[in-house]
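Trainee: Here's the letter readout for the chains.
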Amino acid sequence: MTEPDGEHRSSSGTGLLAERTGDYEARGITKSFDEVTVLRDVTVRFRPGEVHALVGENGAGKSTVLKLMAGIYHPDAGSLVLDGQPLPALNPSQAQRRGIYLVPQEPRLMPDLSVTENLYLGALRTRRGTGTVAWRAMYDTTEGLISSVGLRVDPRTAAGRLSLAQQQLLECARALSHGCRIIFFDEPTSPLTAHDAEKLFELMNQLRSEGLTLGFISHRLEEVQEIGDRITVLRDGAVVARAERGTLTRDDLIRAMIGRQLTVMSRSRRSGPGSGPGETRESGGTGAVMLNVDQLSSPPQVNGMSVQVRAREIVGLAGLVGSGRTEFAETIFGIRAPVSGTVQVAGRDITGASPRKCIDAGLVYLAEDRGRSGIFADVDITRNETAAILPRLPRLAGIFIRPRLEQERARDAAQRMDVRASSVGAAMKTLSGGNQQKALLARWMLAEPRVAVLDEPTRGVDIGAKESIYQIIEKLAGEGLAVLVISSELEDLIRVCDRVYAVYEGRIVGELTGPDITPDALGQLVVGAS
Amino acid sequence: MTMAKDAEPVVSARQAASRRWDVAWLGRRREVLVAAAVIIVIAISTAVHSYFWSSANISFIFADSIVVAFLALGESFVMLGRGIDLSVGAIMGMSAIIVGFRIQNHGMTLGPAILLGAAVGIVLGLGNALLVGVTRLPPIIATLGTFSVYSGLEFVVTNGNQVDTIPNSITNLGVNTVLPGVPVILIATLPFFIVAALVLRYTTFGRSIYAVGDDAEAAYRAGIPVQRTLFLTYVIAGLFSGLAGVVFLIHTSGASSTTGNTDNLSAIAAALIGGTALTGGRGGAFGALIGSVFLSATLTALSYLHVSDVWQPAGVGVLVLLAVISDSSGGRPRLRRRSRPARSRPWRSRP
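Protein chains in written order, with our numbering: chain A, 1 to 530; chain B, 1 to 351.
In isolation and in its complexed conformation, chain A is listed as follows (with noise of 0.2 Å):
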């Protein structure tokens, strides 16, 4: 561990724009929300050149740092200070034109606008004379700009229609379109494949060639370590740890990161159903069939695909973003129509019922996004929790919900989920993605389901909590549920599955069991090879 110490490039010189460098620091932030102080003198240094990763928990101050940075939030003690001058209080825009430019965690592109329109957004070129817009002119060298980001699409294309890593490498190009020097990522990665990811690091090397100077947020230890020059560890709003690539270890980051050791992605707690410490799951693994999917299409994105999950198994379905693993699960929870197929659980023909009928029928799906289609976040805790079962709950004369019974099943429930709150009564959006995440789990196994399908169960989740939610999952396959676990991190299906399913282009390609799950054979299926 080294702290930075001044080598400073440029900051004996004027500053004067030509001798801008990109040397940003964020000398002893403190910053406070609602009394609740998120940051206590961070000081955090990017230098050109350099790749800087923040690492933390959910909730550690990572993003505020480079909200602040970004001219978002103002800090409340402290200073911003560029190639050694100070900055006043910035706006984003004021920011921008300073060459900082902060990549959010879900681009912000206009969907129906053309991927040229929103690289010159607010500064359409327009033609001499006219005052018309230059259409020809700008789509030329939008060419160019997206080609050297490594995104290759037609210009006029409408930015909602590109996947999520085009549109962060969108956004790219638009900060460099903008000239900007300094380029903040907030967890590009989290939404990406690992095949996405490595992409977006490959035009991280080059701009870091170039001399950019960039930052980023991640929660994948691996890729911080892969592709960080430097890394600084936050934790509780302080900065815990500062390294330099190669001098600290996954374990001392995680130490660092949680001020604790962890003994997680263990692969050998699983070694197969049965022998496994994984409690009360019996031999085999084999209860009767629950989940039984029948040649399900709905084209584009589903064709054909055929899974079966039985009580007490945990089944995966591993897929690139875009191979139809959530369009499937949607698919058998009514939520797009199936062309041709059939969907049965416990036996019970559900093809193409709506989700009101999947759940009544025992079939839940814990969404993909959870803050879009899951959570109610300016509702508390026992009203997001009991959002599915409002016709079963507890009722004085047959009518009146009794919100005092409705409270403790919320609460029980949210114990044995291990909710961590002040109370149910909290709003939800008070909570940590971690425990949302676990409040939703609540939500669905009140409905007391037999299958569960569940959507990247772990996204967005701190380390800590990621282990909860999986022994919470074996716990229940346990009990006797059908589980479904659709993730993009293989590591997370390895650790979890009996068995997955791989997907690719809403096909099912292949399928393995046990000690069979490797990263290897995986990373090969979904991917298309053999």
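It is possible that part of the hints are untrue.
[Said to hold, decoys possible] For lysine to aspartate or glutamate, the following DMTMM-like pairs were computed, each having C-alpha atoms within a straight-line distance of at most 25 Å:
1) A:LYS199 x A:GLU143
2) A:LYS429 x B:ASP327
3) A:LYS357 x B:ASP327
4) A:LYS475 x A:ASP360
5) A:LYS475 x A:ASP378
6) A:LYS199 x A:GLU244
7) A:LYS429 x A:ASP412
8) A:LYS429 x B:GLU217
9) A:LYS429 x A:GLU408
If you are wondering where the hints come from, they were derived from the structure by calculation, not from laboratory data.
Given chain A, put chain B in place with the hints provided.
Mentor: Here is chain B on its own, set in the frame of chain A:
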């Protein structure tokens, strides 16, 4: 368990229960604020004009506010589901005319009149419900369309006549008082508000409305029948607007082809002032009532202060804008951004 095992997962029921009161109090705070504002308006007006504080005048304010309160109550159901109904005024007008003619020309009594008013409201509300809940038109377009149709029909139905002779046996409800300043009509209509509040808070349907208004996509995925819920909110808005028509007859003892044309905005204003959000998921039945009383007291006060009646629509408009502004700055902006404070976790013990 891997981390923070010592942290207490969720607190005891007793603590949770004591918190519930905090939440309940916060939820009611808007109603309390508006009630305080009503008292201030009355106090100032009484200081200027002592007749303002008379049984007859206070009773008039209450009776006057019941008309808008019914419209606002129906509107609240729709707004809680993140919709809007611009036709409530016209539905009230149609109901007042149809019922009024039955009373005037056929000697219909109060009981059947209420049922007829409710029926007219439900039928016209069904129009909106079909357009929004089944055809899935944007509510603002659908109800602007039906507003135009229904207020046009008012001319067709009246055919140049108007309702102007409602027997005293009926209009007395709006004039007679049970206690000084409390008209019979206020007491008679309170049960509607109580039932509506119970439905909203304690039934599956009511809770579904809040869920749909808060996040329709999440609600659908939680198995809540979104379209059916929306459908019903428009029917209920129709029902209360139809009842408002009957109250209108009781209060004004007449109706014409333009009845209700300007009351849409008053209804929305009253609901907003009472704390129901345009963005859905927040508000309640009593807000509609207290918001209407505030509106009515303020407008009456203006005329006592010799402000000409022609200023009234402008006054309502300003109040609507103020309510919306206070809602968006003081309340919770419902942006889907994640730029909220980093989640703090005070309940987690530090390792």
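Trainee: Could you grab the alpha-carbon distance between A:LYS357 and B:ASP327 and see if it respects the 25 Å cut-off?
Mentor: With Cα atoms ~38 Å apart, A:LYS357 and B:ASP327 exceed 25 Å; violated.
Trainee: Given the hint that A:LYS429 pairs with B:ASP327, test it: the Cα-Cα distance must not exceed 25 Å.
Mentor: With a Cα-Cα distance of about 19 Å, the restraint between A:LYS429 and B:ASP327 holds, given a limit of 25 Å.
Trainee: Hint check: A:LYS199 vs A:GLU244, CA-CA at most 25 Å. Holds or violated?
Mentor: Roughly 23 Å between the alpha carbons, so the hint for A:LYS199 and A:GLU244 holds.
Trainee: Taking only the CA atoms, is the gap from A:LYS429 to B:GLU217 under or equal to 25 Å?
Mentor: Answer holds: A:LYS429 to B:GLU217 is near 17 Å, not above 25 Å.
Trainee: Mind checking the alpha carbons of A:LYS475 and A:ASP378 for me, to see if they're no more than 25 Å apart?
Mentor: Measuring from Cα to Cα gives roughly 30 Å; hence the hint is violated.
Trainee: Are A:LYS199 and A:GLU143 close enough, with their CA atoms no more than 25 Å apart?
Mentor: holds (18 Å)
Trainee: Next pair to validate is A:LYS429 with A:ASP412; report whether the Cα-Cα distance is within 25 Å.
Mentor: holds (20 Å)
Trainee: Taking 25 Å as the top limit, are the C-alpha atoms of A:LYS429 and A:GLU408 close enough?
Mentor: holds (21 Å)
Trainee: Hey, A:LYS475 versus A:ASP360, does the alpha-carbon distance stay inside 25 Å?
Mentor: holds (22 Å)
Consistency with the previously given hints fails for numbers 3 and 5, ordered from lowest to highest.
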